[in-house]
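Asks: Residues per chain are reported as follows:
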Amino acid sequence: MVTIDEEFDMVIKLVLIGDTGVGKSNLLSRYTRDEFNSESKTTIGVDFATRTIQIGKKKMKTQIWDTAGQERYRAMTNAYYRGAAGALIVFDICSLNSFDSIGRWLQEIREYGDPGVPIVLVGNKFDLKHLRQVPISTAELFAHENSLKYIETSALLNSNVESAFQFLITEIINSFSQVHKDIQECTPLTFEDRSDLSFRRKCCVIN
Amino acid sequence: MANRAEKRMVSPTLSISYGQDITLDNQGLRKGNYTTPERRREILFNYDHGREGAVIEAWEDPNFDVYTHTDRHGFMHKRVPPTTSAKLQQIERERAQKWNKMIGTEWETKYRNSDKLRRRIYKGIPNSLRGPVWSKILALDSIKSKDIYERAKFLAREYSPDLMQIDVDVMRTLREHVHFRERYSSKQQALFHVLSAYSMFNKRIGYCQGMASVTGLLLMYLREEEEAFWALISLTNTKYEMHEMYTENMSKFHIFTGHHCLLRERLIPKIDAHFKKWEVPETMYLAKMLVQMFFGVLPYELVLRIWDAVFLDGPGVIMAASILILKMNKKTLLSLESNELLEYITVMGETTKLDHDKFMQDLMLLVDELIKENILLPTEPKPPNTYQLFQDFKALHPDSLQIGIVQGPEKPMKPPKFAKKKNSYSKNDTVPDLIYNLPSMTYGSLERDGTLVVS
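Protein chains in written order, with full-length UniProt numbering: chain P, 1 to 207; chain B, 1 to 455.
Mixed in with the good hints there might be a few duds.
As the list claims (entries may be wrong) - In the BS3-like style, the derived pairs of lysine-lysine whose C-alpha atoms are separated by at most 25 Å in a straight line are:
#, chain 1, residue 1, chain 2, residue 2
1, B, K78, P, K41
2, B, K270, B, K331
3, P, K129, P, K41
4, B, K372, B, K270
5, P, K41, B, K353
Worth flagging that the hints you see were computed from the coordinates, not collected in a lab.
Please build the complete structure, drawing on both the sequences and the hints.
Replies: Here's what the structure looks like:
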């Protein structure tokens, strides 16, 4: 869901999906609060966080839903795919299992999400090099075959986390601006630092 | 019963054990969410050897530095936690005497189903006696059965498909508690053992995320890990109806969510309309309330007190409490909109300065009110009872186990006096889909290289 707003130029909803234990919650906390939690808890159901970003002259509120990874929670979590403007599918580069599940997650988002929703494939935990099970080339090939962007991140080292989200948001805006010409003025896309944006505003989503 | 089980055992379709959804890719690697043999060996090795011998990655073992204070429950804090007042401690000491008397010889005859017990439960069980009292109200002595736990725990080593998931979750359960802080600490070992044994005992559930926290809390109060195992069985048994909360389809979660919405519409219509207007998804706040029985939503001490009440009065208490929390936050909830509303909902349990005694008083009143109107719980089919699970387990492992059900077929626990719904089972109800096809096993331990050392 991308909505034009009076105070925010846009409100967008994103979802984080992928197998259990791949680091979705820590990617979220790194992105929204710049925190990494070594005592991260199992996500039960869904978690929610927001962050305001500025792109060019546009202010944007990102609303991110972090979901439980265990299979049996899918009936609960896939309700959140509807209306999502984009999705990050996350796997753990040290877990072949989590990579093998990507196909199922893709299927899931295509079934329950809006048609043509932009997706970025994220290989997390690249700091654990010595435990790597999924070669970069394999992941890139898979992403290419499925027309996804691929990026490797480390929530622990705070590497590429910003970029992963920016990748996704850029894609969303690009596809959105083809429909709504007025947004084009904010291209080329430049992302500004979060520190300028530590304000909270009342926000109203207009559908 | 035996015949049916026997038939199941010889049926060729039963050779599937757990690997039915496993496919191999062209390199012969296993696909799907399954514990690979190598990973299984590593996991078992680590839990067998504990802190002294396990291979611990640096990131698995957060240090203690960030915390400077520990509260009386063992949780660590960055700031000085509120201390228990001298007055409350005095009250607890006085109460402990009364409680000791209640759970003594006259428990069955005089107190078990008494109004006095109920009143006192809602007033709060003294923390020092919480374990023994839970054990009594969950009727653990009547369902405990010799050897089952050890047997299930042992079989799980070789056959539970959930070890990997359990391991991942043990690593991130209650890490802010001193006993669970260290990777492969004895409490982490116990948690792993109980969950893996349960996943073997009840294949309908196996392991569901959320059970780790519940079991972790049980382990803090019950004396031994075996007690926690039986408590988990009791909770997923007839009275508590938590069984379908954790099964593959989590049907109870969805049924309870629906019921919560009905209650919300009826009891707090303004909040209900406000939530609908802003399209607040119920599951965003209900997941932890229902699956973890409020753990992670409310302050720890209040969670314990709600558990006290749930163990006595059943899952209707969870329904009532889910409404009560919204009600207590009414003013703030109605004043917020959109993202701010959603943000507040995720922390509403933590931010509310709740008077725990008042909350429990109101909770008891609300439970009574809902019972009176006969809307405490949704009407729906019941889960299988422990007796059936026992029978299946016994039938499938006949050679090595002399399972004696202590009191014969399980007597359904007496429902609370006020319950209008009938909790009865017949042995002919649907038999759970517990399918094992296991070779006979000897006890022993697995070494890291996969050799089995028979003890």
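Asks: I'd like to know which numbered hints this structure contradicts. Please list them from smallest to largest.
Replies: Result: no hint breaks.
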